[in-house]
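J.: These are the residues of each chain, in order.
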Amino acid sequence: MEHVTQHSDPHYDQEASKLGMWLFIFTELLLFGGLFIVYSIYRFLNPEAFQLAAQALNPVIGAINTIILLVSSMTIAMSTSALQKKNKGLTVFLLEITIMLALIFLINKYFEWGIKFDHGIWPGSEHMINDMSKGEILFFGLYFVMTGLHALHIIIGMIIIIVALNKVQKGTVHADRPSLLENAGLYWHLVDLIWIFLFPLFYLIH
Amino acid sequence: MQTAAQIPHDVNYLEYKGKYKGIFSWIFSTDHKRIALLYLYSMMTMFVVGVSLGLAMKLELIAPGKTIMDPQTYNALFTVHGVIMIFMIVIPGLPAVFGNFMLPIMIGAKDVAFPKVNLLSWYFYVLGAVLVISSVLFGNGIPDTGWTFYAPYSFKTGTNLLPAIFGAFVLGFSSILTGLNFIVTIHRMRAPGMTWFKMPLFPWSLYGTAWIQLLATPVVGITLVLVALERIFSIGVFDPALGGDPVLYQHLFWIYSHPAVYVMILPAMGAISEIIPTFSQKHIFGYKAIIASTLAIAFVGYFVWGHHMFTSGMSGTAQYTFSILTFIVAIPSAIKVFNWISTMHKGSINPDIPFLWAVTFIFVFMIGGFSGLVLGALATNVYVHDTAFVVAHFHFIVFGGVGFAFFGAMHYWFPKMFGRMYDKVWAKVGWAFFTVGFLTLYSPMFYLGMIGMPRRYYDYLPEFHAANILSTLGSWVMTFGLLIIIINLFRSAKNGAIAPINPWNGKTLEWTVPSPPPVENFDEIPVYGEKDGPYEY
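Protein sequence lines correspond, in order, to chains A and B.
Under the working numbering, the first residue of the first sequence carries the number 1, and numbering increases by one thereafter.
Under the working numbering, the first residue of the second sequence carries the number 1, and numbering increases by one thereafter.
Hints are computed from structural coordinates only; laboratory data are not their basis.
Don't take each hint at face value.
Derived CB-CB ranges, DEER-like [unchecked claim]:
#, chain 1, residue 1, chain 2, residue 2, range
1, A, N58, B, Y457, 51 to 57 Å
2, A, F44, B, L378, 22 to 28 Å
3, B, T195, A, I64, 51 to 57 Å
4, B, P351, A, I159, 52 to 58 Å
5, A, E15, B, A497, 42 to 48 Å
Built from N, CA and C at the ideal position, the CB exists for glycine as well.
Working from the sequences, and respecting the hints, build out all of it.
T.: Right, dumping it as structure tokens:
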């Protein structure tokens, strides 16, 4: 065991917190994995209906949101590098940009859902139950559940980033003790990654 | 946060005065030993509730027809009994209590990797328990779906199911956090020189368990969320009226809930693998075989979930496959039994109380295991599916397996945890009543299932009467034994004789620290040399 070294603070182990975060990310992937299984099974059973329903989604808004998330992943990765280079001001600035981008993503999502609601499309709505095939109902049911759960993860991610931002400003997260920021970054990449899968599954496969 | 220098090494964890006073010194403590006791006491409370519900059900079944309750109450009782016992007792059971307490000490660490997350997991546990209980106390009707929350009934029933579902979800989260903590602890915090293959078997079993907790629980988490959303928003995924498939719910549910059986049984096997070498004063037979079988069970356990659904509608190919895989998972379990027996062979056996619990564990586990093969075989499964036979089988495995191992572990590590010995005579009396009661309670159910008594009914045909009376009598004897055991342990924790450091002459690291252990466990982190090992007698 070459790793057991005594730090000045014996309770701080950067490797351990990174390992813990990776394991947590693993559980998140499995959580969404369950949903992806449900999606694939129902897509397999109702190919035409899924194709038809997918046309109601706007791939342009989806693409814009994808780009926003990719850029935000880049800014948070850059903030970690900035922290390593001990540039506190830049770190804070990049984190603020990340939070802004996350907010824009949510606003986009809000309008996207709003348009669906205007067309009478929400789980259990009369329009869906009366006028849609079962496959379409399932498509929109899954659409709301999966993008909704993803949006929830965006919000949690934003909270984590805000906490990290605060600690960077206070100086408790710094170049020698970057775990919290790094873990926030890992979590944000996960949120991004899940969207990378959601985007083609719902918007692109026609 | 306190630095290591401020924490004295001569004060044990029970008497240590930290930053907080009274109850806060417990519920705000991040000490893994105190968290273990928090878990122990909260579990004991829930266990008493679960046992009382079980007793009431057995009383209802003492005679055909309505005895003390109507059918709806009976449905509610078996649901709440199941939810409490499965999600709050046997799944967290050994990892949360003995894992928390012993894992860091056995691998030579001062605490788990994330002490605060550890405390958080206990708060989640309490929150989950409160949610489940609130579903009983409030709303219109106690949940009546059974602990499996099968669709579509789980979103059709008018009872107050949502809090119970969220409770189970939160309890799952607590379990994930414990598992995550243990994996990181084992990877990062083993004592210098303690290589993977010098690690004792209880930590090994916790390691296998932790991976299952981590990989399987999220799937049931999302499944329960989907059921809840189905109830609130009618999203359609499990509702046949909206195009969904209820059988898919069963698949997703059992993808978790079958591995969860191994979350229950693996740490139990781990505790038995500690007790048997200590009381045989002999090196464990086939150390690596036990590890390999632990990992094999953890792995194969993922691929057998379909055997819960042989009558739910599956293709023949799927049925054969799941049946064969079920038989395969029996092999590593059998390997362990052979290892334990071989460890005893020519050992210097000390038939003390933990050893008695361990051998009865092997006995009931084997009955449970063999009856599992009856259920895993397709032809016989269809015959006894959803009968009392199934109830007998899983109580032998889950309650027999986990319960006997839990009490074995309790009597084994009690002197270390509380620094006092228990009264051995009363402990033996309690064990005898418990064992006789257990066998009288559940064995008749095998017979009842074979002659066709279905499970989950408050009523039965007159020809099932005799065996049911016997079973109910058994429940009283078992509960009497349980009372003796619990009272004895409670009294001894206060007034028992002072326990020595190593009452059983064990060789694992927990027997090298004082009883009860000091706050940070070790003055100096122990170092494993070339020839040291956990079972070198």
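J.: All hints are to be evaluated individually against the structure, with a verdict given for each.
T.: Checked hints:
no. : hint                           : result
1   : N58/A with Y457/B: 51 to 57 Å  : 54 Å, holds
2   : F44/A with L378/B: 22 to 28 Å  : 26 Å, holds
3   : T195/B with I64/A: 51 to 57 Å  : 53 Å, holds
4   : P351/B with I159/A: 52 to 58 Å : 57 Å, holds
5   : E15/A with A497/B: 42 to 48 Å  : 44 Å, holds
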